[in-house]
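Protein chains: 2
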Amino acid sequence: VIVGGTVSQVVKSRNPAVKEGEYIADYAGWQSYSVGGGPGGGVFGVNKLDPNMAPISTALSVLGMPGMTAWHGLMNIGKPKPGETVAVSAASGAVGSMVGQLAKLKGCRAVGIAGGKDKCDYVVKELGFDACVDYKAEGANLHKALAAAAPKGIDIYFENVGGAVQQAVLPLLNDFARVPLCGMISQYNATEFTGGPNWAMLLIKRIMVQGFIVSDHADQTGKFFAEVAPLIKAGKIKYREDIVKGIDKAPAAFIGLLKGKNFGKLLVQVSDDPTRK
Amino acid sequence: VIVGGTVSQVVKSRNPAVKEGEYIADYAGWQSYSVGGGPGGGVFGVNKLDPNMAPISTALSVLGMPGMTAWHGLMNIGKPKPGETVAVSAASGAVGSMVGQLAKLKGCRAVGIAGGKDKCDYVVKELGFDACVDYKAEGANLHKALAAAAPKGIDIYFENVGGAVQQAVLPLLNDFARVPLCGMISQYNATEFTGGPNWAMLLIKRIMVQGFIVSDHADQTGKFFAEVAPLIKAGKIKYREDIVKGIDKAPAAFIGLLKGKNFGKLLVQVSDDPTRK
Numbered sequence: 002v003i004v005g006g007t008v009s010q011v012v013k014s015r016n017p018a019v020k021e022g023e024y025i026a027d028y029a030g031w032q033s034y035s036v037g038g039g040p041g042g043g044v045f046g047v048n049k050l051d052p053n054m055a056p057i058s059t060a061l062s063v064l065g066m067p068g069m070t071a072w073h074g075l076m077n078i079g080k081p082k083p084g085e086t087v088a089v090s091a092a093s094g095a096v097g098s099m100v101g102q103l104a105k106l107k108g109c110r111a112v113g114i115a116g117g118k119d120k121c122d123y124v125v126k127e128l129g130f131d132a133c134v135d136y137k138a139e140g141a142n143l144h145k146a147l148a149a150a151a152p153k154g155i156d157i158y159f160e161n162v163g164g165a166v167q168q169a170v171l172p173l174l175n176d177f178a179r180v181p182l183c184g185m186i187s188q189y190n191a192t193e194f195t196g197g198p199n200w201a202m203l204l205i206k207r208i209m210v211q212g213f214i215v216s217d218h219a220d221q222t223g224k225f226f227a228e229v230a231p232l233i234k235a236g237k238i239k240y241r242e243d244i245v246k247g248i249d250k251a252p253a254a255f256i257g258l259l260k261g262k263n264f265g266k267l268l269v270q271v272s273d274d275p276t277r278k
Numbered sequence: 002v003i004v005g006g007t008v009s010q011v012v013k014s015r016n017p018a019v020k021e022g023e024y025i026a027d028y029a030g031w032q033s034y035s036v037g038g039g040p041g042g043g044v045f046g047v048n049k050l051d052p053n054m055a056p057i058s059t060a061l062s063v064l065g066m067p068g069m070t071a072w073h074g075l076m077n078i079g080k081p082k083p084g085e086t087v088a089v090s091a092a093s094g095a096v097g098s099m100v101g102q103l104a105k106l107k108g109c110r111a112v113g114i115a116g117g118k119d120k121c122d123y124v125v126k127e128l129g130f131d132a133c134v135d136y137k138a139e140g141a142n143l144h145k146a147l148a149a150a151a152p153k154g155i156d157i158y159f160e161n162v163g164g165a166v167q168q169a170v171l172p173l174l175n176d177f178a179r180v181p182l183c184g185m186i187s188q189y190n191a192t193e194f195t196g197g198p199n200w201a202m203l204l205i206k207r208i209m210v211q212g213f214i215v216s217d218h219a220d221q222t223g224k225f226f227a228e229v230a231p232l233i234k235a236g237k238i239k240y241r242e243d244i245v246k247g248i249d250k251a252p253a254a255f256i257g258l259l260k261g262k263n264f265g266k267l268l269v270q271v272s273d274d275p276t277r278k
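Sequence lines, in order, name chains W and L.
Okay, so the first sequence: first residue is 2 according to this note's numbering, each after it adds one.
Okay, so the second sequence: first residue is 2 according to this note's numbering, each after it adds one.
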């Protein structure tokens with residue numbers, strides 16, 4: 002079974018702590034039914050879901066792994082200060098959209114980087130980022146377009162993609178910049194790795210780069226929920242889910258993800274959701 | 002005047018706070034005499050020296066900028082834990098020798114990298130590192146030799162040099178490794194920068210890289226002195242100074258530094274030191 006986070010309804014239970022009909026977040030992978038807690042038994046150890054608090058799908062998006070990834074990377078690694086400029090790649094995605102909105106709530110300038118006019122419009126008009134640069138449209142002009150969108154330079158670069166976007170962003174980093182290094186999606190299909198930036202730049206500008214994987218930080222889950230769930234409920238943070246129906250669509254959807262075709266957190270719905278009528 | 006830290010005796014003073022005959026640490030540059038506080042007026046704002054506490058030259062070595070660089074980078078960025086392995090390049094130098102000795106005092110395995118048998122012998126036999134790898138002798142085998150010297154991998158890499166040494170070290174970094182990025186001496190004469198490592202490695206291993214320059218951290222000076230001066234006085238930290246006599250020797254000495262020819266903190270003595278008889 003291919004691994005992956007899931008939300009499910011309990012069909013049968015011999016465990017008195019989990020009743021039939023209840024909803025759980027789990028890590029059951031790409032399948033229609035799973036047995037037990039599933040491999041890993043839940044990344045965050047918070048399994049039961051209350052469908053009255055938020056749609057159960059959010060346990061896979063804003064209130065799940067992507068949301069906590071954004072929050073942990075920005076808050077605990079990036080440590081934004083009011084007036085700073087935060088840039089984020091894959092800005093319309095589940096992680097990126099949360100990063101920019103949290104940055105705005107912290108009093109920062111939020112600059113997104115995304116592929117295509119629709120995504121950039123969404124990032125600025127719906128999510129409230131100050132600017133969004135379309136890397137597909139800008140091509141070789143990406144660095145210039147970013148410099149215009151971040152006239153005071155970049156203090157935090159939340160890195161999701163690597164590659165050409167990274168090369169355009171790094172020269173804009175200010176002294177003492179922080180780079181929460183969350184993903185390198187442009188590299189995941191690479192057959193050989195190209196070199197990264199020479200570290201002399203990191204030294205001269207006293208830059209900090211921190212690779213992280215959110216599942217290492219399960220101890221932060223309570224703090225994340227306490228801070229972010231009320232913002233979701235109050236409508237202060239918006240989110241978008243790209244729901245593909247049918248497990249047979251999962252492979253094509255996954256390939257599309259690596260090419261940036263999804264718009265919002267990509268979810269595969271394998272059966273009806275009784276909570277969403 | 003070429004910039005540089007200095008220790009001097011006051012020849013004339015119209016400032017009642019500084020008396021003729023006293024000793025000061027300053028940033029007066031490459032000259033035999035200077036006027037006033039000198040440009041910058043002292044990197045650490047601690048100017049007067051007590052020759053009875055330690056030789057005045059140590060204000061330029063273990064109790065000055067290099068010592069504090071080692072201490073700040075290792076303690077505040079690297080955050081060593083007992084049982085971890087700390088590797089440091091330019092290990093026989095003023096910074097590197099302090100890094101390894103502090104690591105040992107913290108209960109870590111200290112692995113040095115230095116150029117030549119004399120330097121490596123000094124690092125192990127005099128300074129007490131657990132191992133030292135001679136990058137000049139190992140050549141293309143450097144990575145293998147390092148792997149043998151650090152059988153549990155490397156948790157902290159204190160980076161002074163960049164280049165081929167960096168390339169040999171990085172694959173040995175453990176998950177959650179920290180890299181205080183202090184210098185890139187192999188690059189200082191480069192006419193073009195080669196690429197650094199692809200960041201996918203930093204992400205997968207959740208590595209932190211932090212460029213730093215010690216003069217940004219003058220607020221740590223008091224803590225540094227309080228922790229390190231007693232260790233120097235008690236002989237728990239050894240140091241070596243490579244003193245070249247005559248300001249006319251400074252250019253050749255500086256060029257030699259970039260080639261790794263000095264052994265210990267390179268100082269140029271421009272006049273007699275009355276405290277050292």
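Do not rely on the hints blindly, as some may be mistaken.
A pair counts as met if it fits within one copy or between any two copies, since identical chains are not told apart.
Lysine to aspartate or glutamate pairs mimicking EDC-like chemistry, simulated, CA-CA at most 20 Å apart [as the list claims (entries may be wrong)]: (1) K262 x D273; (2) K206 x D217; (3) K80 x D217; (4) K118 x E242; (5) K126 x D220; (6) K20 x D273; (7) K13 x E242; (8) K20 x D135; (9) K250 x E23.
In short, the hints are calculated from the structure, not lab data.
None of these values were measured; they are calculated from a predicted model.
Exercise for review: Since the copies are identical, ignore which copy is meant and state whether K126 and D220 lie within 20 Å (CA to CA) inside a copy, between copies, both or neither.
Suggested key: neither (34 Å within a copy, 44 Å between copies)
Check your understanding: Within a copy, between copies, both or neither: where do K20 and D273 come within 20 Å Cα-Cα?
Key -> within (19 Å within a copy, 86 Å between copies)
Exercise for review: State whether the alpha carbon distance between K20 and D135 is at most 20 Å within one copy, between copies, both, or neither.
Suggested key: Neither, since 47 Å and 64 Å both go past 20 Å.
Review point. When no copy is named, should K118 and E242 be tagged within, between, both, or neither for a Cα gap of at most 20 Å?
Key: The answer is within: 18 Å in one copy meets 20 Å, while 61 Å across copies does not.
Check your understanding: Quick one: K250 to E23, C-alpha cut-off 20 Å, is that within a copy, between copies, both, or neither?
Key -> Neither: 26 Å inside a copy, 81 Å across copies.
Check your understanding: How would you label the pair K262, D273 (within, between, both, or neither) given a Cα cut-off of 20 Å?
Key -> Close neither inside one copy (24 Å) nor across copies (73 Å); limit 20 Å.
Exercise for review: Check K206 against D217 for me: Cα-Cα at most 20 Å, and say if that holds within a copy, between copies, both or neither.
Suggested key: This pair counts as between: shortest inter-copy Cα distance 11 Å, intra-copy 28 Å.
Check your understanding: Is it within, between, both or neither when you check K80 against D217 at 20 Å Cα-Cα?
Key -> both (18 Å within a copy, 18 Å between copies)
Check your understanding: Given identical chains, is K13 near E242, meaning Cα to Cα at most 20 Å, within a copy, between copies, both, or neither?
Key -> For K13 and E242, neither the intra-copy (28 Å) nor the inter-copy (75 Å) Cα distance is at most 20 Å.
Of the numbered hints stated above, those contradicted by the structure are hints 1, 5, 7, 8, 9, listed in ascending order.
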